[in-house]
Amino acid sequence: MPLIHSSLSACLGLIALWGLIGLAGLLRPMSVGFVGRTLFPLGALCGAALALVAAVSLAAPSEQLTLTVGLPDLPMHMRRDALTSLFIFLLGAASAGISVFAAGYFRRGHGTAPGLLCLQYHVFLASMGLVLLANDAYAFMVAWETMALSSYFLVTTQHGLAEIRRAGFLYLLIAHVGAIAILLSFGVMQGGSWQFTFDAMRGAHLTPQWAATAFLLALFGFGAKAGLVPLHVWLPEAHPAAPSPVSALMSGVMLKTAVYGVLRVTFDLLGHAQWWWGLVPLTFGLFSALYGVVFAAAQTDMKRLLAYSSIENMGIIFTGLGLAIVFLGVGMPSLGALALIALLYHSLNHAFMKSLLFLGTGAVLHSTGERNLGRLGGLIHRMPWVAWLTLIGALAMAGLPPLNGFVSEWLLLQAFLFSNEVPQPFINMLLPLGAALIALAAALAAYVMVKFFGVIFLGQPREASLSHAHDAGVLERIGLIWLALGCFALGLLPTQVIGALRSVVEQLSGAELPSAHAPWWLLVPLPERRASYSPLVFFLAIAAVVVVTMFAVRLFYHRRVRRAPPWDCGFGGLSARMQDTAEGFGQPIRHIFGPFFAMKRELPSPFDHAPRYRVTAGDRIWLALYLPLGTLVRRVADTVVWLQQGRISTYLLYSFVTLVVLLALVV
Amino acid sequence: MKPIEIITQVLELIAALAVAPLFLGWINQCRAWLQNRRAPSLLLPYRGIRKLFHKDAVIAERASPLFRVAPYIVFSAMVLAAAIIPSMGTELPFTKAADAIALVGLLATARVFLSLAAMDIGTAFGTLGARREMMVGFLAEPALLMVIFVASLISATTALPAITENLATQHLGIYPSLAFTAVAFTMVLLAENARIPIDNPATHLELTMIHEAMMLEYSARHLALMEWAAALKLFNYACIGFALFIPWGVSTGEGGPGALLASIPLLAVKLAVAGAALALIETLSAKLRVFRAPEFLAVAFLFAVLGLLVHLLLAA
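Line by line, the protein sequences are chains G and V. Okay, so the first sequence: first residue is 13 according to the working numbering, each after it adds one. Okay, so the second sequence: first residue is 11 according to the working numbering, each after it adds one.
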């Protein structure tokens, strides 16, 4: 008899194990050796096991479980279906690599003690797992809030710094505004039955207006977690503030819980989505994609750059969501399924490539102590492992074939391309223009990645101290290699990945995917379109041509190679300061997309003794939306402050008056 | 896989590799004639490549392995692109592995490696060239994709041979949408191949160069591969243009070996005319300042979008 007969209980067991590993950190809170060498690798094994369980159970029928824990009469309902399995897989597989890296990364420094950090880290992982498994609003919200709080503590690891406390506060604030919206959405979805299990919500009959309200509230709430513009302001503050493995978890995995939530609500709890709902995520998704990538190109801090790039990728995912809703709503199931595949595929891709890049920056940060691109450079010589592995992530993020980022963008463009058959006259005009925006965002992503990789790893070191930089340790390398292999596997085997996604898409859309009679190495999303893509052949062909060319050159014309100082057009006397800085590389973007930025420039005059040039590219949305909102809140707070007299008799009077009013209303 | 398909594939590859420098030489010759100069030999690009292959390579001291491997990757990407584009026949076995969007991705891969290699030495010109190249690239790539989308929408597929076959076998009509996108495509071609008005292949003036700035540190066989790759890129772009806008005469598999043979002189004629036209455009226009390049490419993008809208509105 197998020890564990259901994959749901296996998942729960592994998640509980994460919790125990976290608690074990408190046994020896100051011991880096115990926490780093024992607990984090154990957590990574746990993640890998979770990914395995989820992968095996992907096509299995759904299963439920009721846990009688928590408040009396409020048991926690748990459920595992194909959608859950997919995201559990994402969580397990990405966190396995991140935890191995973290094992080598966390050392004693300022801020939180390692044991406490271990607790927060594993509670964060476990709460994400519970968010995915929850089958009632109560359990979901508890897990969701635990996730927000544990990640808040992780963000403020370096709580000695004022700017990090500020970033953490902003994160907590927007996370809670989002959580309130999600709570309200659940309140609408229970539909008068006052049953908060997801099963009751599936059965509730909502009028179209209420269903739309629930959808929009959920989109707001989950959009705040996903960093959709204009709810993105916390993301470029909080993600860079956290230690790099935590940034990787937040960007790579936590953002996907928002994708999970919005998919769960839209396609499962609400069911029949109207086609026009899709226009909302589509519009905001496209805008976020462009906004995120434009800001990423202008950043000078490497982790902020990656955070903005996450906004772009979440924008792409929500664009796919919008397309899927539109297609399914107007009765085009195969295109809807294609858009869903694109969005799920991109979620998986982003989990791997963004984690890889964040961990790469972590290794750089560790060995140089610098986050500012303007003080890095030339690290490919000092840190070859990190550099080459990060290059894989950067190429994947730039959406270049044959790596994984290209596959999902290709699928999304295919879905866009045939949207002109939508029977809504205006929509079929506007949708192909969305493809243009996605193409622009993808091309800009390549720009951003060249800047990111080129400025950090190529060229000359911009600071003398960089010559002491050391390569990542063994555990860190294993973590990076794991994620890089994930990028390769997702890129080279799209047919197999889509085959695995099939059960998820069928569960979400209720539509059968058209099955193409294509060989295993050829990706044919829509058979009648005759469009196909085979990354494996593609990769082998490139590799073969490279090898053949090298051999041909060597065979026919091999002369020796001489090393000499760089020529540089014969100018000579060049220093590292003459390379393009990150600001310089962002300059064309600031020039072309000027209206996006609130730009402040201080130009030196010719008579200055110490000329300075300073440019800041601020966020217009922060100035136009958040600052007035903050002022308003402060003003309201100032007016109601007279209620707070500080005398206990006054507060008792308030309670008494409230009771009387309530009694009068009820009786 | 039929033998005729393999023959077509091999023939196209050989033609691309062999003819690409000749095409460049032809453009240079036409340009010289138009400018009342004595024309250089048609074979000059070949001689240049041969000379470079025979030299010792000089590489900067601080070059990383990326710098040395980049020419091979860029060259391979261009060779592979030549294998995807139906310049003579549409029966290409390799095109199953990559459609038109993957072709754009392949060109982007080459561009990214070129730019990264240019940043590797850490000279002022290298990084400047990389930045400008990426700027032109991110503006040109969406325009190129939009051009391909219009053709794909007309043919309901993104597979390049299927598009060509569809456009070639339909009755001889003029698509207004394709007319707009042809303008856009020409502008993209000029920008992406470092031609006037975006870049000047004949200058090493520091303030204006883009492509040449990235090549500065290369020498000998690496430079030869890069130059050959640049010639291939121009050839590939020309062939994409033929495949989308003047697809007639391409062998579609029904004609057998005869049609394939007939397509060879036709390709030569198309290339000769296209080369002359390019030389004319380059002679008539002046080089734009670098910061006018975004405007130029935005116009190209808008033309492509206009083509798309025309297609959707008129279904033509």
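There may be inaccurate statements among the hints.
Example chain G residues on the side facing chain V (calculated, C-beta under 7 Å, incomplete) [unchecked claim]: (1) 432; (2) 442; (3) 448; (4) 455; (5) 470; (6) 552; (7) 553; (8) 586.
To spell it out: a stretch of chain V is covered by chain G in this simulated footprint if at least three of its residues, at any positions, have a beta carbon under 8 Å from a beta carbon of chain G; those stretches are [what the hints assert, rightly or not]: (9) 27 to 41; (10) 116 to 130; (11) 241 to 251.
Bear in mind the hints are in silico, worked out from the structure with no lab data behind them. Yeah, the Cβ is synthetic: ideal placement off N, Cα and C, and Gly gets one too.
For each hint, the structure was consulted:
1. Because the beta carbon of residue 432 of chain G sits about 6 Å from the nearest beta carbon in chain V, less than 7 Å, this interface hint is met.
2. Interface restraint check for residue 442 of chain G: the shortest CB-CB distance to chain V comes to about 10 Å, outside 7 Å, so the restraint is violated.
3. Residue-level restraint check for residue 448 of chain G holds (minimum Cβ-Cβ distance to chain V is 6 Å; threshold 7 Å).
4. Hint on residue 455 of chain G holds. Least Cβ distance to chain V is approximately 4 Å, under the 7 Å limit.
5. A hinted interface residue such as residue 470 of chain G counts as satisfied when its beta carbon comes closer than 7 Å to some beta carbon of chain V; here the least separation is about 4 Å, so the hint holds.
6. Hint status for residue 552 of chain G relative to chain V: violated, with the closest Cβ pair at about 9 Å, above 7 Å.
7. Hint status for residue 553 of chain G relative to chain V: holds, with the closest Cβ pair at about 6 Å, below 7 Å.
8. The closest approach between the C-beta of residue 586 of chain G and any C-beta of chain V is roughly 6 Å, which is under the 7 Å cut-off, so the hint is satisfied.
9. Under a criterion of three residues with beta carbons nearer than 8 Å to beta carbons of chain G, the stated coverage of the segment 27 to 41 of chain V fails, only 0 such residues being counted.
10. Using a Cβ-Cβ cut-off of 8 Å, 9 residues of the segment 116 to 130 of chain V lie near chain G, which meets the minimum of three, so the contact claim holds.
11. Taking a C-beta to C-beta cut-off of 8 Å, the segment 241 to 251 of chain V contributes 0 residues in contact with chain G, too few for the three needed, and the coverage statement is violated.
Taken one by one, the earlier hints fail for this structure at numbers 2, 6, 9 and 11, listed in ascending order.
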